[in-house]
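Here are the chains, one letter per residue:
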Amino acid sequence: MIQTSDRFREHVARALTDDDLKVALTRTTGLLQSRRRQVVDEYAEYNEARSRAAAIKDHTLRYLGHYLEMFEANATTNGAVVHWARTPAEARRIVAKICTDAGAKTATRVKSMLGEEIGIAEALEDAGVERIETDLAEHIIQLAEDPPSHIVMPAMHKTHEQVATLFDDKHTVVPDSHDIPDLVGSARRELRQKFLNADVGISGANFLIAETGAIVTVTNEGNSELTCTPPKVHIVTAGIEKVIPGMDHASVFLRLLSRAAIGAEITQYTTFYNGPKRAGDADGPQDYHIVLVDNHRTDMLGSDLQPMLRCIRCGACMNHCPVYAAVGGHAYGAVYPGPMGSVLTPALSSLKAAKDLPNACTLNGRCREVCPVNIPLPDMLRSLRARQWDAKLASPVTKAALATWGFMARRPKLYHLVTGLGVHGLRVWAFGRNRIRRMPFAGGWVKHRDLPRPERGSFMQQYNASEHATRNRK
Amino acid sequence: MNESEIQKPRVGLFVTCLVDAMRPNIGFASLKLLEDAGCDVEVPQAQTCCGQPAFNSGDDATTRAIAMQIIENFEQYDYVVVPSGSCASMIRTHYKDVFVDQPDWIERQSALSAKTWEILSFLSDVMHHQPEGIKFDGVATYHDSCSGLRDLGVHDQPRNMLAGVEGLRLVPLKDNDACCGFGGTFCVKYPDISNAIVADKTQSIKDTQADILLAGDLGCLMNMAGKLSREGSKVKAFHTIEVLAGMAGDGGICGDET
Amino acid sequence: MSDRESILGAIKAANRSAQFAVDQIEKEAADLVANPEEVQPKFEGVSLLDRFIAKATSERVTATVDQVVDMADVPVIVSEYLSQAAQNGAVTVQESGPLDEMDWSKLNRTSVLAEDGGIAVTLAEFGIAETGSVVFRSGSHGPILQNFLPLYHIVVLKASTLLAYPEDLWSHLGGKSAPQSRLLTIVTGTSGTADIEAKNVRGAHGPRFMHIIVVLD
Numbered sequence: 001m002i003q004t005s006d007r008f009r010e011h012v013a014r015a016l017t018d019d020d021l022k023v024a025l026t027r028t029t030g031l032l033q034s035r036r037r038q039v040v041d042e043y044a045e046y047n048e049a050r051s052r053a054a055a056i057k058d059h060t061l062r063y064l065g066h067y068l069e070m071f072e073a074n075a076t077t078n079g080a081v082v083h084w085a086r087t088p089a090e091a092r093r094i095v096a097k098i099c100t101d102a103g104a105k106t107a108t109r110v111k112s113m114l115g116e117e118i119g120i121a122e123a124l125e126d127a128g129v130e131r132i133e134t135d136l137a138e139h140i141i142q143l144a145e146d147p148p149s150h151i152v153m154p155a156m157h158k159t160h161e162q163v164a165t166l167f168d169d170k171h172t173v174v175p176d177s178h179d180i181p182d183l184v185g186s187a188r189r190e191l192r193q194k195f196l197n198a199d200v201g202i203s204g205a206n207f208l209i210a211e212t213g214a215i216v217t218v219t220n221e222g223n224s225e226l227t228c229t230p231p232k233v234h235i236v237t238a239g240i241e242k243v244i245p246g247m248d249h250a251s252v253f254l255r256l257l258s259r260a261a262i263g264a265e266i267t268q269y270t271t272f273y274n275g276p277k278r279a280g281d282a283d284g285p286q287d288y289h290i291v292l293v294d295n296h297r298t299d300m301l302g303s304d305l306q307p308m309l310r311c312i313r314c315g316a317c318m319n320h321c322p323v324y325a326a327v328g329g330h331a332y333g334a335v336y337p338g339p340m341g342s343v344l345t346p347a348l349s350s351l352k353a354a355k356d357l358p359n360a361c362t363l364n365g366r367c368r369e370v371c372p373v374n375i376p377l378p379d380m381l382r383s384l385r386a387r388q389w390d391a392k393l394a395s396p397v398t399k400a401a402l403a404t405w406g407f408m409a410r411r412p413k414l415y416h417l418v419t420g421l422g423v424h425g426l427r428v429w430a431f432g433r434n435r436i437r438r439m440p441f442a443g444g445w446v447k448h449r450d451l452p453r454p455e456r457g458s459f460m461q462q463y464n465a466s467e468h469a470t471r472n473r474k
Numbered sequence: 001m002n003e004s005e006i007q008k009p010r011v012g013l014f015v016t017c018l019v020d021a022m023r024p025n026i027g028f029a030s031l032k033l034l035e036d037a038g039c040d041v042e043v044p045q046a047q048t049c050c051g052q053p054a055f056n057s058g059d060d061a062t063t064r065a066i067a068m069q070i071i072e073n074f075e076q077y078d079y080v081v082v083p084s085g086s087c088a089s090m091i092r093t094h095y096k097d098v099f100v101d102q103p104d105w106i107e108r109q110s111a112l113s114a115k116t117w118e119i120l121s122f123l124s125d126v127m128h129h130q131p132e133g134i135k136f137d138g139v140a141t142y143h144d145s146c147s148g149l150r151d152l153g154v155h156d157q158p159r160n161m162l163a164g165v166e167g168l169r170l171v172p173l174k175d176n177d178a179c180c181g182f183g184g185t186f187c188v189k190y191p192d193i194s195n196a197i198v199a200d201k202t203q204s205i206k207d208t209q210a211d212i213l214l215a216g217d218l219g220c221l222m223n224m225a226g227k228l229s230r231e232g233s234k235v236k237a238f239h240t241i242e243v244l245a246g247m248a249g250d251g252g253i254c255g256d257e258t
Numbered sequence: 001m002s003d004r005e006s007i008l009g010a011i012k013a014a015n016r017s018a019q020f021a022v023d024q025i026e027k028e029a030a031d032l033v034a035n036p037e038e039v040q041p042k043f044e045g046v047s048l049l050d051r052f053i054a055k056a057t058s059e060r061v062t063a064t065v066d067q068v069v070d071m072a073d074v075p076v077i078v079s080e081y082l083s084q085a086a087q088n089g090a091v092t093v094q095e096s097g098p099l100d101e102m103d104w105s106k107l108n109r110t111s112v113l114a115e116d117g118g119i120a121v122t123l124a125e126f127g128i129a130e131t132g133s134v135v136f137r138s139g140s141h142g143p144i145l146q147n148f149l150p151l152y153h154i155v156v157l158k159a160s161t162l163l164a165y166p167e168d169l170w171s172h173l174g175g176k177s178a179p180q181s182r183l184l185t186i187v188t189g190t191s192g193t194a195d196i197e198a199k200n201v202r203g204a205h206g207p208r209f210m211h212i213i214v215v216l217d
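Protein chains in written order, with this note's numbering: chain A, 1 to 474; chain B, 1 to 258; chain C, 1 to 217.
Keep in mind the hints are simulated off the structure, nothing from the lab.
Among these hints, one or two may not hold up.
[Stated by the list, open to error] Taking lysine-lysine pairs in the DSSO-like style, the calculated list, with each CA pair at most 30 angstroms apart, reads:
#	chain 1	residue 1	chain 2	residue 2
1	B	Lys135	B	Lys96
2	C	Lys12	C	Lys176
3	A	Lys392	B	Lys96
4	B	Lys135	A	Lys399
5	A	Lys232	A	Lys22
6	B	Lys135	B	Lys32
7	B	Lys189	A	Lys413
8	C	Lys176	C	Lys27
9	C	Lys199	A	Lys22
10	C	Lys199	A	Lys194
11	C	Lys199	B	Lys174
12	A	Lys277	A	Lys194
13	A	Lys447	A	Lys355
14	A	Lys447	B	Lys206
15	B	Lys206	A	Lys22
16	B	Lys96	A	Lys399
17	B	Lys96	A	Lys352
18	B	Lys206	C	Lys199
19	B	Lys174	A	Lys447
20	B	Lys206	A	Lys413
21	A	Lys392	B	Lys189
22	B	Lys189	B	Lys8
23	B	Lys174	A	Lys22
24	A	Lys105	A	Lys232
25	B	Lys189	A	Lys352
26	B	Lys32	A	Lys413
27	B	Lys174	B	Lys234
28	A	Lys22	B	Lys189
29	A	Lys170	C	Lys199
30	A	Lys447	B	Lys234
31	C	Lys158	A	Lys277
32	A	Lys277	A	Lys352
33	A	Lys352	C	Lys12
34	B	Lys8	B	Lys32
35	A	Lys352	A	Lys97
I would like the entire structure built from these sequences, with the hints used as guidance.
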């Protein structure tokens, strides 16, 4: 996916006038919030699980090299071929080569945001392999030629009416009706043969278990197992921050992930893959590859952005973000949208390329409140703003305004004088009316809102003229 | 009897830049209630801004300079009280982030942060003060401002105190804890997104059919009241403290001066 | 320098970690999960079986459950379930283990696993009461796909293999150094998706119907 975060404002302008998008977002975010709320309220041990999960991630990140080497050794013993890729380009090269060596013509895919990050679609195209997305949402956006708009529900931006039109147009056999269950049934029908005939199956991994060398996928549909079992080759791509020590540690995260993501205690399929087909197995792939990807994670390690590496990709933050709810995921122009995307995108690309993302946030803090691994998202967004400031990326207007503000704020007498004048000026500007509807230099405000007419004098002016002040001055 | 061990606590009132310019009545209401509660209140002259606009824009140097001024001028008091969740939180929760590399200031900053309070929670949790004999007829709905709620845990205190006001009925606001879209500089940097968020908020407010909107932060109130006004709504908006002090007599924020 | 070396080198530099003792790391890791009961939802005096059934039949899981005392009665229960569901198609039964030798004469048994729309009867190795889940592993006892391809999945579960929590499963399987199968799956109810407008639909790619027959052994 080509990142277009530098055109955030353009995307936002379009999104705010998109009525279908508004319908889609309204239909979904409220449901996701209430489902999560309910299942979290039922889980008495929730806060303990959260702190424990955050502590496990912090521990693992502290000894990341040790755990990655342990994972590699155990996975290799299991029969996996483990590859390392510093960059997306290298990861693509590895995936393309595996496919070419296997003489692959088709590849089924289980949704993986890391796969998006490294550009798997490009890798498969280069290797002349037909890419078949199998998650319902990924299937939808593949047909629509859209990028994903949410990390758990990539087709959140589509209404079911839009999906119906798409399937009528693109499915070999049209859906039985436009009801959502029949749309799902149509996708099931469309993809069944493709699962069974694919040459390569590509998945991500929700977790990498160092002690056993297992990878874990957490899914609902059954497409993970249908992707990773029939083909001759199974390829896993995963970020290096996905590793955790052992199975008992995994159990802590598994209790949090689906609760936070979709409001379920557990998803339908929690599957541990331990290698290729063994002697005697009735089915399974012959070859099994794991590609471990860095892509700037080592840059985040040891920095003020390190907590971001705890992320288990649940999507709760964006489900609760008022900005995401207003503009949708595509506005961010990146693989990861919403609050976590606003931290990751600058980290994975550059401060400049994703300039708006850390700033288009009210710092309201709901994201931090719902994060199952206690990532201090607002703090990191502010940190990124401080980095932007130091890198002189702030707009000249902001810099000038703050310089003036800062100058005055440090000089109380001057500040009070100017404020008093300003208050008087605003009162005059109001022309005797109670509300101000138009104001030069305040276009951003008065475009959509009125301003109150101030009182006769600032607080400090009125106070200093009062009896209380006279008494206190003694 | 208040929780503070001090007989008559000395309070430094920090009114905030928005209250100073746009709604001094909130400052006077704060002063009145603090004195009613038994505090000895002073208004230091050297107060301007808490530094939040600079902090949220990433300008740590300016933030620090402003913070040093606040520390110098307010550290002499037993408590610093602020009629705003976001400004109180700036001092209480976030000042530590700008003094990371200043070991000689950290102790002073830490002491000041620890005794800085948002006003409703101060009156309720420290002074155990409930205003008496306050009458205000109307149906009100309450919006929980984000910093006050999430950083400082301000939730029950305003509701408990408002319950003691005769004639006032509170009705719940749908998504009362959802952001109103103000976000300080956010609302002027991204006005159209802010508008989409506040439009949802004003719809929820209108759906309650309340005639009053209450909250604890002037920024949020100006944002919501400004939008309600633009939409032609007759809902009046006040800061909770104005109602509790019996000083909510005019048309409210963005309302008519009676 | 290989990518592997470059990544491990970058990690070392970022963590500024001095030489650490492996047994110290292991102890820290073990301490982090030493008290699993602190994160396990409590059953509140309910038996494992009752908890399992309550969860399995809940709206979030949507399996149906039957109980039988004698393992030999399983085929009868299967017949009854399928006739109630008006399903008279061919049925595959796991071709090794206790299920294989039972009397399936009343049903149209086939050894051809249908690509879709089929009915399969398999034996779960374990059940997990916390979530109403059943556990399958790949191996020589049958294709693992037999649990994913059918439309109707009938699961036979021995009550004696019910465990409370997944942590119990790991220790039951022998811990980290125990030999593993290629695939181990914890299955909780019927396949589903909420990808369209967050509406929950059953039967995405996996089974749309799951009937669990608990043998009270």
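Given the hint that Lys392 of chain A pairs with Lys189 of chain B, test it: the Cα-Cα distance must not exceed 30 angstroms. Within the cut-off at roughly 17 angstroms; holds.
For the pair we were handed, Lys189 of chain B and Lys352 of chain A, check the Cα-Cα distance against 30 angstroms. Distance ~17 angstroms between Lys189 of chain B and Lys352 of chain A Cα, so the pair holds.
Take the C-alpha atoms of Lys189 of chain B and Lys8 of chain B, compute the straight-line distance between them, and say whether it is at most 30 angstroms. violated, 44 angstroms
Does the structure keep Lys174 of chain B and Lys22 of chain A at a Cα separation of 30 angstroms or less? holds, 19 angstroms
30 angstroms Cα cutoff - pair Lys135 of chain B, Lys32 of chain B: Distance of about 16 angstroms is within 30 angstroms: holds.
Against the 30 angstroms threshold, does the CA-CA distance of Lys8 of chain B and Lys32 of chain B hold or violate the hint? holds, 15 angstroms
With a cut-off of 30 angstroms on the C-alpha distance, tell me whether Lys170 of chain A and Lys199 of chain C pass. holds, 22 angstroms
Between Lys352 of chain A and Lys12 of chain C, does the CA-CA distance stay at or below 30 angstroms? At roughly 28 angstroms apart (the allowed maximum being 30 angstroms), Lys12 of chain C and Lys352 of chain A satisfy the hint.
Does the structure keep Lys277 of chain A and Lys352 of chain A at a Cα separation of 30 angstroms or less? violated, 47 angstroms
Is Lys174 of chain B close enough to Lys447 of chain A, meaning Cα to Cα at most 30 angstroms? Cα-Cα ~26 angstroms, so holds.
Is the hinted pair Lys12 of chain C and Lys176 of chain C satisfied, with a Cα-Cα distance of at most 30 angstroms? Holds, at about 26 angstroms.
Lys277 of chain A paired with Lys194 of chain A [C-alpha distance capped at 30 angstroms]: Answer holds: Lys277 of chain A to Lys194 of chain A is near 21 angstroms, not above 30 angstroms.
Hints 1, 4, 5, 20, 22, 32 and 35 from the earlier list are contradicted by this structure; the remaining hints agree with it.
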